[in-house]
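K.L.:
Sequence:
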Amino acid sequence: MNCLPTVTADPAVGVIAGTCTQAEKSGEALAAQSSHLTARPGPTNAVIETILSRSAAKYYDPTAVLSDDQIRHLVRIGTSAPTSFHLQNWRFIAIRTPEAKARLRPIAWNQPAITDAAVTFIIIGQLADASTVPERLAPVVEAGIMPAHLVPDWELPARGLYDDQPQRQRDEAVRTATFGAAAMIYTARSLAWGSTPMIGFDAEAVHREFGLADDEIPVMLLTVGPERAGNWPQKPRMPVADVLDFA
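Just so you know, we're using UniProt numbering here: the sequence shown kicks off at 1 and counts up by one.
Hints were generated in silico from the structure; no laboratory data involved. It is possible that some hints are incorrect.
When the alpha-carbon atoms are kept at most 16 Å apart in a straight line, the in silico EDC-like pairs for lysine to aspartate or glutamate are as follows [to be verified]:
| no. | residue 1 | residue 2 |
| --- | --- | --- |
| 1 | 101 | 49 |
| 2 | 235 | 49 |
| 3 | 101 | 209 |
| 4 | 101 | 202 |
| 5 | 58 | 227 |
Kindly generate the complete structure, drawing on both the sequences and the hints.
P.N.:
In structure tokens, the structure reads:
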């Protein structure tokens, strides 16, 4: 498995490139972890192999550190995920200092990965707010992607979908945050880092301890970092025939 190429002018590029080189060198080892899977029909490429070789890490190298630039790069990729009406109703808190990890671990089922992983993200979804559509679309208009006269054509249906609809607002918060987390998970894998999405935490305590706003939901925790030995490869999934219907 090759590291996915990254084109960026970000100061992190040197660090990321170094990580990519490491990922490329470990390609054979990563492929070996998924060798238990049966032969897969259909085309493949580096992206597909990254997805198919991902597994939830349990054991992390507690001495490993990700730089703030590496963390920013990971979140930047996460925010390229799909988001309804371009709302981008997500936020991420990177728990990477010993002090912050010590605050989080007791309210996250005391799971060792919280303190062992280089970083744990609090993946936050914000209640969908259609009034933010013009602001979110302004950079799209400025970039010449969307003509300004189309902005109301996006805002009006968004208002019809979300205004005075608390369940839909919450559903969209969870959906958007999950899309962002998934993009970060596969990016981490492409850089030879482990990751673990976690729902074992006290949501109210996390909300209180880390100062989330009233319209914010801690959807999940996501640990990311270099792994140590002992993690399982991806577990076999249900057959496609059991989960797919054609119409």
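K.L.:
Please list, smallest to largest, the hint numbers that this structure does not respect.
P.N.:
Those not satisfied come down to hint 1.
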